[in-house]
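Visitor: Sequence:
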Amino acid sequence: TPGSDDANKILYTTTDMATLGTVTGAISLTLDGGTVAQSVYGTGNESPAHGGVTTLVKGGTVVGGDVFGGGNLAQTTGNALLTVENGKATNLFGGGNAAGIDGTATVNMEGGQVRTAIYGGCNSSGAVSGVVNVNVLGGTLGTDADHPINIHGGGYGEATSTGNNVTVNIGQESASAAY
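All residue numbers in the sequence shown are consecutive under this note's numbering, ending with 799.
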């Protein structure tokens, strides 16, 4: 029965908490300046997202982490689009950190700088069920000519996977390796 135990700070409810924090509907996130000392996620930390996500990096610097099209620990249902027009990041991921994308994952690098790598998939674990697209059309790849980056259509970790076609398009800039 609903009620509370004030002495122990416990709230009793009959409400189903299984979907608490779930985001429903399209998500749009824009980073337009400043310095971020942690990773940037298109969706959330542990809250599942249903409806797709568009993440746009127009400026700023991510110094303490990476930029993800998906979430940290929770699945994203719908397509994930990550576009970098300007700004700096260490790594870009079309998918999530330890979470997948139930849809298409697309990374568009149009400008800015990526210091280490671009991945179409997820980081440590997770699957992208749809098509994966990585489009490198501009920007700076690596920190200098002696430190180029790698571009991967899939994910980073052994527990990552892609379930459909993977396409990597490299336009104006060159890369040290394309897989």
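Note that these hints are calculated values from the structure, not bench results.
Careful: at least some of the hints might be erroneous.
For each label pair, taking beta carbons as the anchor points, the in silico distance ranges come out as [what the hints assert, rightly or not]:
#, residue 1, residue 2, range
1, Leu649, Gly623, 34 to 40 Å
2, Glu730, Thr763, 53 to 59 Å
3, Asn628, Asn789, 38 to 44 Å
4, Asp764, Asn789, 33 to 39 Å
5, Lys678, Gln658, 17 to 23 Å
6, Lys678, Ser744, 23 to 29 Å
7, Asn665, Pro768, 48 to 54 Å
By construction, the Cβ of each residue, glycine as well, lies at the ideal position given by its N, Cα and C atoms.
Visitor: For each hint, tell me whether it holds in the structure or not.
Guide: These are the hints, each one checked on the structure:
Between Leu649 and Gly623 the beta carbon distance is about 39 Å. The supplied range of 34 to 40 Å therefore holds. The hinted range of 53 to 59 Å is not satisfied by Glu730 and Thr763, whose Cβ atoms lie roughly 19 Å apart. One distance hint, 38 to 44 Å for the beta-carbon pair Asn628 and Asn789, is violated here, with the actual separation near 57 Å. In this structure the supplied range 33 to 39 Å is violated for Asp764 paired with Asn789, their Cβ-Cβ distance being about 24 Å.
A hinted range of 17 to 23 Å for the beta carbons of Lys678 and Gln658 is consistent with their spacing of about 19 Å. At roughly 27 Å, the beta carbons of Lys678 and Ser744 sit within the given window of 23 to 29 Å. Separated by about 32 Å at the C-beta atoms, Asn665 and Pro768 break the suggested range of 48 to 54 Å.
In terms of the numbered hints stated before, the structure departs from hints 2, 3, 4 and 7, listed from lowest to highest.
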